[in-house]
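Novice: Given these sequences and hints, build the entire structure.
First to last, the sequence lines map onto chains V and L. Going by the numbering used here, the letters in the first sequence line up with residues 198 to 382, in that order. Going by the numbering used here, the letters in the second sequence line up with residues 198 to 382, in that order.
Hint data in this document are derived by calculation from the structure and do not stem from the laboratory. Values in this document were obtained by computation on a predicted structure and should not be read as measured data. If a hint is listed, it holds; no wrong ones were tucked in.
Which copy is meant is left open, so a pair is good if it fits within one copy or across any two.
Taking lysine to aspartate or glutamate and the DMTMM-like style, the derived pairs with C-alpha atoms no more than 25 angstroms apart in a straight line are:
#	residue 1	residue 2
1	LYS226	GLU312
2	LYS343	GLU312
3	LYS215	GLU260
4	LYS215	ASP248
5	LYS215	GLU360
6	LYS215	ASP349
7	LYS292	GLU303
8	LYS290	GLU225
9	LYS289	GLU301
10	LYS226	GLU316
11	LYS289	GLU305
12	LYS215	ASP319
13	LYS292	ASP214
14	LYS279	GLU255
15	LYS226	GLU303
16	LYS215	GLU312
Protein chains: 2
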Amino acid sequence: MSEQALSTFDRAREALDKKTRYVQDFPEKGVLFEDLTPVLGDAESFVAVVDAMAEAAEKLNAEIIGGLDARGFLLGSAVAYKLGLGVLAIRKKGKLPPPVVTQEYELEYGTAALELPSEGIDIAGKNIVLIDDVLATGGTLGAARKLIESCDGHVSGYVLAIEVPGLGGRDNLGDRPVIVVRDPQ
Amino acid sequence: MSEQALSTFDRAREALDKKTRYVQDFPEKGVLFEDLTPVLGDAESFVAVVDAMAEAAEKLNAEIIGGLDARGFLLGSAVAYKLGLGVLAIRKKGKLPPPVVTQEYELEYGTAALELPSEGIDIAGKNIVLIDDVLATGGTLGAARKLIESCDGHVSGYVLAIEVPGLGGRDNLGDRPVIVVRDPQ
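Specialist: Shown next, in the form of structure tokens:
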């Protein structure tokens, strides 16, 4: 297929297929970790993935891009810039100075929490598209949605580069559209 | 001054002055924390700061943008995209799957480390501009430079949004140009 005929998503899928680094047994035995660092470090691949994710976020009527700490920052920031939007940094607990709004969530072992500043930013009534690199269990993304809704923001959808099948991730995301750049594996 | 006459840096400085959130005694007593989350969450301010940092990175002949985990990702990713470059995610210890290259550095209390993948990315001979939100002690940025040089990359300079004066940050950065968007306070 000629370069022009390739859609934005095709180019992004090619980049992900070519540059993703696969590492067995990380962070624990039995997990195949998909490291996108080489995708982002390569100009052509990085631009291709950002372009596809921006196209998806625009379809979801994004007014602000929500980036998940920390790998979601690496994609969400560029997508926000391309669309001329702000990027909402959804931080892990303790990273932001008080006062903050906090949303706890269950992990496989124990709990974690996400936070937003409770001053200086007003997301009430805004359409927020949440961006991260991978949809796995969906726990973090689900918590991010609750956090945003607790600040009267509206999550109009999720855009991810890749998805790990079989972990029930989409069940945690509620009735919002989920767009994943790479085809399910 | 009319909108057109304002330089890229003037617009960015206005955005930082207007939107930065100041919080006393965070992360510890006596520290005035400057939270840029509201700057990034506002479309106009975010674009203004990214444009200024991209202008600076271009002056420093960037071939790749190095973003420091995690707030450096929020700026470095957009700057890289604007310049059509890749973004090198310089991660905190343990976040990347092996094999990795590690650079330890001293903290006020204890040590920390930064890591890069030792496969899948080739930065040998490349001009890398390091981007973070704040220049404080310069410890993390100095370690990032050593890490990149250990992979035969070349740090052609640093671009920061703001600088905390009086912490000797520049002493840690070696003989490379440092561009800070906001005027020294």
